[in-house]
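Engineer: Now for the letters of each chain:
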Amino acid sequence: MLWTDLRILIVDTGRVWWRLLPLIMGVYLLGWLGSELTLRVAVIAGDISPWLALVLFAFNFVCVLAAAIVILSLAGRELGIRGLLPADEREIDDRDTSLSRLLGITLLPFLGMYAAFGQVADAANRLVTQQWIRYGFLSDQKTVLGALYDLATQHLAWLVALLVGIYVLRRVLDFVAERTGLRILGLVVVLIESFFMLLVIVGGIRVLQTFLVWLSNRAVLQWLAAIKNALADFFAIFKIDLPEILTRTWAFIADTIWPVLVDVVAQPMLWLAVAALVFGSRVLSLAELWRKGQPYAARIPGASAFAHYREKRAFRRLGPPPKGVRLAAARVQEAFFGDIDDKYLPTLHALRLVLRAGPLFLGSYIFVYNLVIIAGNYLEILINWLVGGHEAQFWVRWEPVFALAQDALVEPVRLCLLAVAFRRCLELFGQRSAASATIPAAHPAVPAMATAEARS
Amino acid sequence: MLGALAAITLVAVSAVGLRVSDPDEKKFEVINGVIGKPVKVNDGEVTVTQVKVGTILKQYGEIQDSTDGMFVAVSVTGAAVGPKRLELNAARLLSGDVRYEGYQLSAGVNSDPGFQTSVDGLFEVDPAQIDDLTLEMGSNEILHGYQQRVRIKLGVTRANAEEWRAVAEGVIEPATMTTRAIP
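First to last, the protein sequences are chains A and B. Per this note's numbering, the very first residue in the first sequence carries number 1; after that it's consecutive. Per this note's numbering, the very first residue in the second sequence carries number 1; after that it's consecutive.
If you are wondering where the hints come from, they were derived from the structure by calculation, not from laboratory data. Note that the structure is a prediction, hence the values are computed from the model and not measured. Cβ coordinates follow ideal geometry from the N, Cα and C atoms, glycine included. Nothing false has been slipped in among the hints.
Taking CB as the label site, the calculated pair distances span:
(1) Ile253(A) with Pro113(B): 42 to 52 Å
(2) Trp3(A) with Val20(B): 19 to 29 Å
(3) Gln59(B) with Gly204(A): 43 to 53 Å
(4) Phe117(A) with Lys26(B): 18 to 28 Å
(5) Lys142(A) with Val13(B): 45 to 55 Å
Just some of the chain A residues that point at chain B, by a computed CB distance under 10 Å:
(6) Pro259
(7) Val264
(8) Val265
(9) Pro268
(10) Phe361
(11) Gly363
(12) Ile366
(13) Tyr369
(14) Ile374
(15) Asn377
(16) Ile381
(17) Ile383
(18) Trp385
(19) Val396
(20) Glu399
Modelling step: build the complete structure from the supplied sequences, incorporating the hints.
Structural biologist: The structure is reproduced here in structure tokens:
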């Protein structure tokens, strides 16, 4: 079984990648070109205003993410994934025929993942670096970093007001987009969200630093230090070096456990969950669940085709939406939870779906996913070895080309693997559904309706 | 149970693979050299000509400092033989996993095209940890990339380390920086 999963993931990924190579490479290169162009234009626009640079740079993410989503969609179509989705798990819409619809639905969760794994911060660093190169480190020209530094340290209230204003604008546009069905608004919402995230990441770090400096001068920290010393003295009586134990424990968690959890396990799992959205897996909103009067954890179990019969019945027994004050309260909750819905809940729900594939498949998938990343790492080492060591000016000029050579080979393979892995998930679910459908038939104690539910 | 064990094993193998292949661990090209011979780096040449040791530091005709450890002064000449300026402003001594940063700011060398600069880079080291003492030089840049670092062994080995420690008792007087045209 282990070898079956490994073989399917490796061989089918290679096949899909090879079959679609010209197409996905073309899409990837278009995305890269768009991303590089927006970076250059944003840097030049910085001559006029650092804020204009930041606004234009938001397009960078749309280019990169749109290319990834289109490649995933192509791979999914090649593998016939939509046909494998159970009828009540499949989202019925025009995402297969309309690119703008597909992007409108999936860009925000993708952007959420990019931000969660530090890729938005990396992109922001590229913009800052390019501005440094253009103006020099000691120039009077105001850069994005300089403008945000001033705002965060001297006009913090303005920064907070700006963030709140952008957030409200995005939510309003989101609402209008949902009501009117205007697809272009979906893209505008993503651009605003990109700008918002850039602002939070680049400006937020300054606010955090200011806060930490302020905190370091507070008496409460001295009290905590005194408590820590007292505890250390107490444990020293029993010849226990508490500070040393805490330092070592923290170092073990920070240097070993956390990187394994985030890089090795969480990234592959969450990317697979996000990919599920492109293929049209059903997604429920947190506000929708809340409005129906039950807590999220209790409500979600019956929502999927793969849920137990008991959970499905509970799911269908729900009453109509609330009225009056409760409805108003629900609307407020919807507005509050809407942001989580848009960016993270679809992914979390899809993750729940993926986790049901079983440990053996998940272990195989994590292994193959990391093989792709490891191959990318060695490709970078090989390129470095071939090109040799050079000064910073050389890398500033040529790094985008070498990064393209590496990413153009690795990224499409990674995306094809996501599609193959999701199809394998569906196959495993299908096999289990078929197996569980035969069990009730041979078991007279189970009601007849349960058999019908299991088949669905 | 077996499935979970297999999954954990695969995750563990993945973690090891990611750690071993991390390109950030191999972020520079090492160019090895030996004392007395010029080494090409960044379109220039670096030569270590002499290594002096002592415990009392004398500069500008006055005793400046003393140490319970050992001062090491490495005479380095950097020549910008190419069309670009040679900038090797980061210098340190290595002994196994131990790193000794420069005792003073001027441990590195910078030269304009057509010129060579000689400097005695000064380091304070632990006499007990000087096996395979090696000078490492590179450019100290804010923007990173895959850069070159030159490593020149200074002739201090496990076998002769005791002799170096023995001759370290006394005054050390590093030469001041000089720049002249490449002959």
